[in-house]
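Q: So the sequence lines, in the order shown, correspond to chains B and U. Under the working numbering, the first residue of the first sequence carries the number 26, and numbering increases by one thereafter. Under the working numbering, the first residue of the second sequence carries the number 18, and numbering increases by one thereafter.
Some hints here could point you the wrong way.
As the list claims (entries may be wrong) - Calculated lysine-lysine pairs in the DSBU-like style (CA-CA distance at most 30 angstroms, straight line):
(1) U:K517 x U:K470
(2) B:K110 x U:K160
(3) B:K110 x U:K321
(4) U:K713 x U:K730
(5) U:K340 x U:K317
(6) U:K549 x U:K695
(7) U:K686 x U:K636
(8) U:K686 x U:K666
(9) B:K80 x U:K695
(10) B:K104 x U:K160
(11) U:K146 x B:K116
(12) B:K116 x U:K160
(13) U:K751 x U:K730
(14) U:K283 x U:K146
(15) B:K61 x U:K666
(16) B:K61 x U:K151
(17) B:K127 x U:K283
(18) U:K321 x B:K127
(19) B:K61 x U:K499
(20) U:K340 x U:K470
(21) B:K61 x U:K317
(22) U:K686 x U:K713
(23) B:K61 x U:K636
(24) U:K339 x B:K80
(25) U:K151 x B:K110
(26) U:K470 x B:K104
(27) U:K751 x B:K61
(28) U:K517 x B:K116
(29) U:K666 x U:K713
What the hints assert, rightly or not - On the chain B side, residues computed to face chain U include the following (Cβ under 8 angstroms):
(30) A63
(31) K116
(32) Q135
(33) I145
(34) A148
The hints are simulated quantities; they were obtained by calculation from the structure and are not laboratory data. Computed from a predicted model, the values in this text were never measured in an experiment. Virtual Cβ for every residue (Gly too), placed ideally from N, Cα, C.
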Amino acid sequence: MTRKKTFLIVQSLLCALVAGLLAASALCLYFDGAAKQAEGDLFYYMYTRERVGAKLLPILPLLFCAFGMTVSGLILGVKDENADKPVRDEKLLRDLGSIQAKAVHQVATQSELYLRVTVIALAVGLIVAGILNGGLEDVLAKGATICTECVGLG
Amino acid sequence: MDNTMKNENKALEKKTPENKRKKMQRPGTRRLVQLYAALLYNANLKGFIDGHIYTGNLKATCVPGFNCYSCPGAVASCPLGSLQNALNAAGHTAPWYVLGILALFGVILGRTICGWICPLGLIQELLHKIPTPKIRKSHITRKLSYLKYVFLAVFVIAIPLIYGVGQGIILPGFCKFICPAGTFEGAVGLLQNPVNATSFYQLGAVFTNKWVIMLVIGLACIFCYRSFCRFICPLGAIYGFFNRFALTGVKVNPDRCNSCGLCVMKCQMDIKHVGDHECISCGKCIDTCARGAISLKCGKITLKGPEIGKNADPEPVIQKRKKIGRIAWGIAIAVLVFAVCWFNFIEPAIEKANEPAAAAAVTEQATVETGSAETKAGSETKESAPEEAQKPQAVAADLPVGSAVGNLLPDFSTDLLSGGDFKLSDHRGHVVIINFWGTTCAPCIAELPDYEKLKVAYPDVEILAIHAKAGAKKAKAFLEDKGWDHLDFATDSKEKEIMKLLNVSEALPSTIVLNPQGVVTYHAQAPLSYEKLEALYKAALTDDQGRVNGAVAEAAPEAAVEAAPEAAAEATPEAAAEAAPEAAVKAAAEPAANLPVGSAEGNLLPDFSTDLLNGGDFKLSDHRGHVVILNFWGTTCAPCIAELPDYEKLKVAYPDVEILAIHAKAGAKKAKEFLEDKGWDHLDFATDSKEKGIMKLLNVSEALPSTIVLNPKGVVTYHAQAPLSYEKLEALYKAALADQ
Chain B
26 MTRKKTFLIV QSLLCALVAG LLAASALCLY FDGAAKQAEG DLFYYMYTRE
76 RVGAKLLPIL PLLFCAFGMT VSGLILGVKD ENADKPVRDE KLLRDLGSIQ
126 AKAVHQVATQ SELYLRVTVI ALAVGLIVAG ILNGGLEDVL AKGATICTEC
176 VGLG
Chain U
18 MDNTMKNENK ALEKKTPENK RKKMQRPGTR RLVQLYAALL YNANLKGFID
68 GHIYTGNLKA TCVPGFNCYS CPGAVASCPL GSLQNALNAA GHTAPWYVLG
118 ILALFGVILG RTICGWICPL GLIQELLHKI PTPKIRKSHI TRKLSYLKYV
168 FLAVFVIAIP LIYGVGQGII LPGFCKFICP AGTFEGAVGL LQNPVNATSF
218 YQLGAVFTNK WVIMLVIGLA CIFCYRSFCR FICPLGAIYG FFNRFALTGV
268 KVNPDRCNSC GLCVMKCQMD IKHVGDHECI SCGKCIDTCA RGAISLKCGK
318 ITLKGPEIGK NADPEPVIQK RKKIGRIAWG IAIAVLVFAV CWFNFIEPAI
368 EKANEPAAAA AVTEQATVET GSAETKAGSE TKESAPEEAQ KPQAVAADLP
418 VGSAVGNLLP DFSTDLLSGG DFKLSDHRGH VVIINFWGTT CAPCIAELPD
468 YEKLKVAYPD VEILAIHAKA GAKKAKAFLE DKGWDHLDFA TDSKEKEIMK
518 LLNVSEALPS TIVLNPQGVV TYHAQAPLSY EKLEALYKAA LTDDQGRVNG
568 AVAEAAPEAA VEAAPEAAAE ATPEAAAEAA PEAAVKAAAE PAANLPVGSA
618 EGNLLPDFST DLLNGGDFKL SDHRGHVVIL NFWGTTCAPC IAELPDYEKL
668 KVAYPDVEIL AIHAKAGAKK AKEFLEDKGW DHLDFATDSK EKGIMKLLNV
718 SEALPSTIVL NPKGVVTYHA QAPLSYEKLE ALYKAALADQ
């Protein structure tokens with residue numbers, strides 16, 4: 026095994042380890058909290074700044090290590106050489122057929138042009154209709170408050 | 018592909034600008050555009066510092082790329098989140114606006130958005146730069162690429178429609194269960210700021226699930242190019258529908274193309290043909306094509322064309338394109354600078370934000386003045402008629418005005434949706450619950466029936482549900498068929514004056530519980546079940562009794578020292594003793610006596626004594642020779658309650674340590690009641706005086722829990738406001754023991 030390959034494998038193991046530990050920390054906090062809440066402690070908070078900090082602290086050295094390896098790898102130009110080569114998957118290539126015929130052509134066909142204009146007109150119409158029916162305010166209302174579902178709080 | 022073509026391609030490969038750039042390690046135009054877009058989408062940079070999101074009018078528009086609107090920097094909305102929200106509300110408002118925006122973006126840019134101006138695409142590509150063995154595309158990844166249509170159909174369309182239209186429940190499926198942008202930009206972006214520390218309390222199963230998903234996706238992106246984009250992203254799936262006829266995108270000149278297939282074979286996306294629904298128009302194939310058949314076009318304008326090879330564009334054309342490119346970059350940078358200045362310094366919303374703050378200050382002043390008057394009246398009454406002195410106002414007047422637990426909430430009044438008005442001070446003598454909700458906030462809607470249930474069960478409680486956004490008409494329409502007739506509903510103003518006055522976060526739902534004196538006993542951004550609400554109501558009711566008892570029945574600790582904290586921090590042991598005659602500072606006789614007296618680490622803690630709840634008293638100087646841990650807690654402080662079992666565990670494990678848990682508020686009766694069934698029998702409990710004599714003497718912050726650890730010489734080895742785990746406590750104990 027070459028040094029380059031060893032580097033790549035160590036780096037991938039490190040990345041997997043960091044991600045695994047981060048996931049495990051969250052699961053630990055969650056299951057601990059769930060157990061406490063099941064015991065009847067209604068106001069037990071699963072996550073607090075302190076608890077999260079305590080869980081993250083031991084992972085930090087690994088994270089720095091992975092970051093350091095990434096930076097050194099990029100500087101030294103270490104990478105998987107196969108990644109840039111054309112694919113040779115037989116099953117994949119079988120589907121290719123005539124690229125020339127099926128690719129999106131430089132000059133749009135008449136039907137494509139019509140479709141484009143129609144969709145643009147339709148989109149503008151929809152936006153105007155949406156502004157009139159209060160859709161714009163709905164977007165503003167949602168965007169101007171923290172979306173608790175989006176951030177995983179709700 | 019014949020050998021001539023192969024050789025032609027190989028020869029060209031060595032000369033491509035892409036290869037030249039790789040050698041120089043310089044970011045290409047596309048990378049710069051990606052960075053630019055990410056910065057422009059998140060131009061509200063001050064949001065990362067102050068921990069608040071941008072709430073201006075631009076949030077009514079959507080950015081083309083994937084960018085969470087709850088990211089502190091985001092200046093516009095996420096198209097996918099808006100779509101789900103619109104579909105959720107499709108029962109009463111048709112989602113024309115968001116559909117129109119998506120169609121417009123799609124037909125003009127198609128999936129060029131994914132390749133050039135999507136911040137999530139940038140993050141994925143940067144992750145893929147991490148040097149590891151890479152998984153290349155294959156027939157399996159091509160099949161997996163259809164998975165994103167399943168995500169689109171199920172999580173973005175079906176779940177919001179079924180729950181929203183069918184059951185009236187707001188459930189943006191993709192945002193809630195999967196979206197890694199929300200977790201990374203929104204949750205991590207907000208939670209990293211100490212201002213949002215209480216938001217941690219809301220985290221539970223949903224966050225854990227999303228956190229794990231984000232990590233899995235992140236890990237996948239390291240090994241497999243743009244995994245999220247290729248297999249999951251519903252936004253990419255939507256734009257993919259428009260890709261074939263989009264105005265902008267990678268196009269092929271059929272006259273030059275010889276169907277060699279190298280463009281498809283070298284492309285990292287799962288395309289079958291250049292420009293199909295999987296093509297993100299990154300333009301790598303332009304440099305790959307030996308025959309110069311591919312170019313990136315916007316209508317008839319060539320944005321990037323072949324520059325090397327026999328079919329390369331003529332030199333003047335390339336030079337002209339470069340010149341236009343430089344002008345475009347100049348304009349783009351000017352726009353970015355303007356956007357950053359606008360959103361961080363000029364935006365009218367900033368001025369508006371300051372106005373209510375000033376209003377709040379005025380209100381606070383007014384309330385404090387009223388409070389003083391009430392105090393005076395209260396004390397006079399107390400002398401003349403002790404039963405009258407039990408009026409709630411008598412005790413609360415001394416408290417600071419604010420919205421934190423233990424503060425007196427500023428007074429405000431608002432019009433109710435049902436007519437009439439609600440003035441907070443009119444409801445003194447009752448437990449008041451103020452709930453902030455929104456029609457687009459699923460957890461808010463889910464918990465409102467529990468408030469109704471509470472009001473029915475305890476008619477004495479006053480519940481005001483404030484719709485966090487202006488628009489009484491919309492709120493009324495929403496509430497029409499809900500049957501929550503026992504609750505008082507109101508809406509905040511457009512400038513969110515009440516929310517700003519009460520320091521309520523934009524994260525909904527938010528709830529403030531006040532005891533009958535108007536003192537905050539709970540304030541957090543978290544959905545509450547009926548059981549929790551009932552517990553909070555009862556705690557607030559008892560909190561009043563505790564305070565009254567503490568004030569009237571002289572339950573305040575006798576030996577509470579009322580020295581000013583600054584004196585405690587600076588005074589010598591003699592001065593401290595002088596300032597607090599009852600606090601005999603023994604330090605002068607101890608080896609550590611030459612240390613300054615104070616509560617900072619390395620200082621000699623001033624002596625004090627206090628009555629214990631279980632009888633007897635605790636004098637600090639009596640415990641020299643032992644590690645002493647002083648913990649300040651409150652019955653309404655969840656992190657305090659959570660950590661107390663760890664103190665008990667420590668005391669059991671190390672009987673030599675002296676632990677005094679001081680209830681930060683007066684009211685021995687309440688504290689005793691609370692502790693009755695807890696089984697923390699090894700700890701010493703006490704309460705501070707009404708004037709918080711001990712806390713002031715020891716310079717302990719209002720933010721609970723607070724802990725001070727002393728070494729056997731009485732020197733402070735730790736003093737902070739943070740909940741402590743058992744491990745940390747044990748470490749602190751051992752460190753203090755060793756610190757002699």
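Q: So, for every hint listed, does it hold in this structure?
A: Results of checking the hints against the structure:
no. : hint            : result
1   : U:K517 x U:K470 : holds, 28 angstroms
2   : B:K110 x U:K160 : holds, 21 angstroms
3   : B:K110 x U:K321 : holds, 23 angstroms
4   : U:K713 x U:K730 : holds, 22 angstroms
5   : U:K340 x U:K317 : holds, 18 angstroms
6   : U:K549 x U:K695 : holds, 18 angstroms
7   : U:K686 x U:K636 : holds, 21 angstroms
8   : U:K686 x U:K666 : holds, 25 angstroms
9   : B:K80 x U:K695  : holds, 27 angstroms
10  : B:K104 x U:K160 : holds, 27 angstroms
11  : U:K146 x B:K116 : holds, 27 angstroms
12  : B:K116 x U:K160 : holds, 11 angstroms
13  : U:K751 x U:K730 : holds, 14 angstroms
14  : U:K283 x U:K146 : holds, 17 angstroms
15  : B:K61 x U:K666  : holds, 15 angstroms
16  : B:K61 x U:K151  : violated, 42 angstroms
17  : B:K127 x U:K283 : holds, 17 angstroms
18  : U:K321 x B:K127 : holds, 21 angstroms
19  : B:K61 x U:K499  : violated, 34 angstroms
20  : U:K340 x U:K470 : violated, 69 angstroms
21  : B:K61 x U:K317  : violated, 64 angstroms
22  : U:K686 x U:K713 : holds, 22 angstroms
23  : B:K61 x U:K636  : violated, 34 angstroms
24  : U:K339 x B:K80  : violated, 51 angstroms
25  : U:K151 x B:K110 : holds, 11 angstroms
26  : U:K470 x B:K104 : violated, 62 angstroms
27  : U:K751 x B:K61  : holds, 27 angstroms
28  : U:K517 x B:K116 : violated, 61 angstroms
29  : U:K666 x U:K713 : holds, 28 angstroms
30  : A63             : violated, 13 angstroms
31  : K116            : holds, 4 angstroms
32  : Q135            : violated, 11 angstroms
33  : I145            : holds, 5 angstroms
34  : A148            : holds, 4 angstroms
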